[in-house]
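Q: What follows is the residue order along each chain.
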Amino acid sequence: MLIAATLAVLVAMILAIIRGIVGPTLYDRILAVNMFGTKTVLLLSLLGFVMGRPEFLDIAIVYALINFISVVGVLRYSGTFELKQPSAESKEE
Amino acid sequence: MIGLLIDITLLTLLVGVAIAIARMKDLFAVAMLAGIYGLLTASFFVAMDAVDVAFTEAAVGAGISTLLMFVVITMTGRSEDPVRHKPLLALLVVTITGSLLIFGTLDMPYFGAPDAPIHTHVAPRYINDSMQEVGVINLVTAVLASYRAFDTFGEVVVVFTAGIGVLALLSVARRREDDAVIELVNDSMHEQHLILRIVTKMLIPFILLFALYVQFHGDFGPGGGFQAGVIFASAIFLYALLFGLSTARRVINQSIIRLVAAVGILLYGCVGVVSMLNGGSFLDYNVLSSDPIAGQHLGILLIEWGVGCTVASVMVIIFFNFAGRQEDNQKAQNEEDIDANRAL
Amino acid sequence: MLIGLYNYWVVVVLMMIGFYIVIAHGNLVKKIVGLTIFQTSVFIFYISIAKVEGGTAPILHAGIEVYSNPLPHVLILTAIVVGISTTALGLALTVRIKEAYGSIEESEIQSQDNQIQDAHTQGALSQSTESRESP
Amino acid sequence: MTLDINTIVEILSGFCLLIGSFLCISGGVGILRFPDFYTRMHAVGVTDTLAAGMILVGLMLQNPDALVVIKLLMILVMTLFINPTASHALAKAAFHNGLMPVLDDTEILNSKERNKTTDNDLEPK
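Chains as they are written, first to last, in our numbering: chain B, 1 to 93; chain E, 1 to 344; chain S, 1 to 135; chain L, 1 to 125.
The following block holds chain B by itself, in its conformation from the complex:
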């Protein structure tokens, strides 16, 4: 059962990569990266059990955290998500 779940996660990873390569919009790619990150967390947890050393789950925790940080970073710097500042622009209006 563990092996079947590992294979399923691998298949989902492949599908997410295809969407990430095909695009077409920026958001599709971010979505694919996010999904890929979640699937990596699952793959790592499963791998620990398949290889018989399940105490290495720390890595999966780091992945879950880093995944969030990279999604926030992408949104922040892709110009889609600006932190608006009360600059001269808004004063002029």
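If you're looking for bench data, these hints aren't it; they were derived computationally from the structure.
Keep in mind it's a predicted model, so treat the numbers as computed, not measured.
We put the CB at the ideal spot given by N, CA and C, even for glycine.
Don't take each hint at face value.
Calculated pairs, DSBU-like style, for lysine-lysine (alpha carbon to alpha carbon, straight line, at most 35 Å) [to be verified]:
# : chain 1 : residue 1 : chain 2 : residue 2
1 : E       : K331      : L       : K92
2 : E       : K25       : L       : K92
3 : S       : K98       : S       : K31
4 : S       : K31       : E       : K25
5 : S       : K31       : L       : K92
6 : E       : K201      : L       : K92
Where chain B lies over chain L, by a calculated footprint (3+ residues, C-beta under 8 Å) [to be verified]:
# : region
7 : 10–24
8 : 65–78
With chain B held as given, fit chains E, S and L onto it using these hints.
A: Relative to chain B, chains E, S and L alone:
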């Protein structure tokens, strides 16, 4: 069997993603695929039993390098010039080099062979004797911090130097910012992204705590100064991303963080000097305490602290300088736009 | 043989893709991404040769006899952190180049450099001819 | 036939893993096959969290070691926090930047050309 299958699948995916990166014109997409590439590499490292390496690669390859790439792309422009220099010639060079290298691999011992030369020289000593000599369960930590401590010292100095280089290239002399304006900005930003901010606020203490766990758990499981430093820094990145750089600058004092980067290396070097003063050789921890094993533990603890401090503060310095540069550029751009509008 | 050497062949292919990006693309950011791919292929090579058939992660545990080789892990662990630092330095240089030249395309930077060089050599030439004529 | 507790736990764990795998693959098919960004987001956002939860619960049932279970629980809690938040932020950013959902059948037929143009339209500045 399943291990082999995972190994082959991940490697094939890596090649696919790398080809996609080579063909992509949109640099944002390239950076995102580079993030996927980092995650794939890290999964591969876990499948190859290199848990400590996977730990580092997860935080660095997927998190920090993608983030830096994004900041830079916002400054340098998003799309690549379609003109390439003579792709045919490049392809020829690459094919010839590649086939020569593949010809070279034909003589190599097969993957995973236990009698390969690499496994027969120094590795058995590390695996069999390190428990008596160093007394640390995690062999990677034992080799990193004790057997090859001098090498690691060099690497930390390289990291520190890179931090100084970025500081020299990108730091901008900064006026004192008006606190009232920052308050105003914070208030106005609080309305937007409320959910993200609240979730982040809950996560950040957890990430910091986890970084400390990784720092001190390095003797018993995957972890250590390098990983902990990177994770600690990424918590600060998250804060800076969502609450604005100027707020983060007020929380993390820049001159103190520079001091910490230097103190980390100093701590590392001092451990070496103290062991020399006690009659051992440089970074020989056995003499630090009356019991050699206790001395080893003390030495490893101290130098891991040094590594953690330096790596975390250098990463923070790098990110703050990049992001600060980007913010300044954007501000200048906005002012130009407003001037242009006025002229119209 | 196919399975026994597959890892190494993938390493070579990845390395060559990275190499191709570095020599065939003019965009500096893309070049840095190419360098990262190249670098990662070396990491994969080291980690691959460290693996021992039937071994597990090099963290001592009761009842386990075969461990993978810890030495390459140590080398690569530090190399990754050094790698990100050097990448950051490269990106910082790219940012400065963008500010100085207004572009990060290699061909454009080259042509701007050539123009400056031409102007200099012309200036120098005219100066030297003047100085030769004056006495 | 008597069922001891271990067998029941084993079966439960297998069942959770099975559901998790099914959700994983269906999410993967969804992200590939659906016509526009919002439907893809729906497919992923809904299945991802549940799939992760199911697989992690399945793994928890496999191992009696307390530390491992606590770590799995931590991953589970974090997934439950992070995934919906990231989906929310992403959808909001996409909508604010004028990426419109495909509403019409005819548009789905034309979606290939449409999507190609959006990538350039959305270029910041």
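Q: With reference to the structure, classify each hint as holding or not holding.
A: Okay, the hints, checked on the actual structure:
Taken as a hint, the K331/E and K92/L pair is honoured in the structure, with Cα atoms around 25 Å apart against an allowance of 35 Å. Among the hinted pairs, K25/E with K92/L is consistent with the structure: their alpha-carbon atoms are about 26 Å apart, no more than 35 Å. With a C-alpha separation of about 15 Å, the suggested pair K98/S and K31/S falls inside the 35 Å cut-off, and the hint holds. Among the hinted pairs, K31/S with K25/E is consistent with the structure: their alpha-carbon atoms are about 13 Å apart, no more than 35 Å.
For the hint pairing K31/S with K92/L, the CA-to-CA distance comes to about 33 Å; that is within 35 Å, so the pair holds. For a cut-off of 35 Å, the pair hint linking K201/E to K92/L stands: about 20 Å separates their Cα positions. Proximity of the region 10–24 of chain L to chain B, defined as three or more residues with a beta carbon under 8 Å from a beta carbon of that chain, is established by the 8 residues found. Residues of the region 65–78 of chain L with a Cβ under 8 Å from some Cβ of chain B number 8, which satisfies the need for three, so the listed coverage holds.
Hint compliance for this structure: no hint is broken.
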